[in-house]
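J.: Whenever a hint applies, use it, and build me the whole structure from the sequences.
Chains as they are written, first to last, in the working numbering: chain A, 4 to 230; chain B, 4 to 230.
Rather than coming from a laboratory, the hints here were simulated on the basis of the structure.
There is no bait here: all hints are sound.
Note that identical chains are pooled: a pair holds if it fits in a single copy or bridges any two copies.
Computed cross-link-like contacts, EDC-like style, restricted to lysine to aspartate or glutamate with a CA-CA straight-line distance of at most 20 Å:
{"no.": "1", "residue 1": "Lys117", "residue 2": "Asp140"}
{"no.": "2", "residue 1": "Lys117", "residue 2": "Glu143"}
{"no.": "3", "residue 1": "Lys117", "residue 2": "Asp127"}
{"no.": "4", "residue 1": "Lys162", "residue 2": "Asp191"}
{"no.": "5", "residue 1": "Lys117", "residue 2": "Glu157"}
{"no.": "6", "residue 1": "Lys162", "residue 2": "Asp221"}
{"no.": "7", "residue 1": "Lys117", "residue 2": "Asp103"}
{"no.": "8", "residue 1": "Lys162", "residue 2": "Asp206"}
{"no.": "9", "residue 1": "Lys162", "residue 2": "Glu203"}
{"no.": "10", "residue 1": "Lys109", "residue 2": "Glu77"}
Protein chains: 2
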Amino acid sequence: GHYVVCGYGRVGERLTEDLIQEGETVVVVDTDEEICASLSEAERLHVQGDAEDEGTLRAAGIERARGLILTLPEDSSNVFVALTAREMNPDLFVLARTIDHDNRSKLRNAGADKVIAPSEVGADRMAQVVLRPHTDDFLERVLHTSALSRQIDEVQIHKNAPLAGQTLAESNFRQQFDAIVIGIIDADTGAMTFNPSPTERIDVGDILIVLGETEIIDALRERVCLP
Amino acid sequence: GHYVVCGYGRVGERLTEDLIQEGETVVVVDTDEEICASLSEAERLHVQGDAEDEGTLRAAGIERARGLILTLPEDSSNVFVALTAREMNPDLFVLARTIDHDNRSKLRNAGADKVIAPSEVGADRMAQVVLRPHTDDFLERVLHTSALSRQIDEVQIHKNAPLAGQTLAESNFRQQFDAIVIGIIDADTGAMTFNPSPTERIDVGDILIVLGETEIIDALRERVCLP
Ligand SMILES: [Ca+2]
Ligand SMILES: [Ca+2]
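T.: Listed below in structure tokens is the structure:
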């Protein structure tokens, strides 16, 4: 499934590049002729048109899309498009940017699964730079995967995985995979265990938050996730 | 030392609240009369005036401040104030917000130690929500310390610390502190080791990036950081 990104301003452009870099397919929707010309030149899939029109969303393949990302210049447009797209594809994952965080509940009520306010995220990040500069540097380096071989990622335990039913100690995880489990999301309860102890049991369907090399996490994913 | 925050828009307000919540002292500078009235009402330290005037910065105590955080509405104002403040206090840590990331190098040249573009941070966060939703949730919960007992933090190894000179395995870190070391910044080289192996040696001056309960990290900090 592909992602539809509505609005190709600063945020829309950057996140489109992030997604493409990680191998995702993105269709951009924007009304602006110059922006669409530059998208053509960069060979980026796009539809020139108003995202508030059903026809535009249909042309962007909203009905078979995996997710919709709303970064239109006005929160009111994001609300309108969220409502429209939700009707056209009830299973769609909808992520919306908000300018004014007071509009968060309106966007949630319009069907957005998640709402991000860059001003809040930016402010929290600035506070982190001041309060914990090394932690900030650490996270910047593990989360920006482009040229990096170390990162934080997530893997879900398949029913035939050798780890299923073992405790972390029994699985000898650190030695076996050269990666550490920094969190476990329980399949039954959805509860998150931070910094899990060696006696924590890994069950089918649990999601492990793991810190390790990209290739090692990919290998781990093949061993625990695939049928 | 206190922090001076210039510009009390969405980002300035949020980061001021973040810093105050973590026990820091903040002096806000803003020209706007209504904003300053509401700051008075909330009993927040502030100076009403133009941050581009040396007198305003002096009134905010720039000469003895620990850091300056620039979130003025125009990048050009942030550049100007960075230059002025740097002259008045060469040791100041200067963090600047930029609207247009093309201005990053101008802000760096004006003396900003770190520049954050909320549009970029917000876009990267939105991509992370799409690509690794559980990791995003994990980090949101460990980094937002307010009501939380689990977090990522950093501690520096003091010369009398019992850990100094030991390997991670010798220190029995996980069992002794109920916390895990997810990164080490080497005191000599500044190099960062991600997911350090049990044979990694902890030296005086090294900074450990640690995941654990707040109270446990506080206890750890007392044992390894204080003289
Ligand atoms: Ca379980
Ligand atoms: Ca060393």
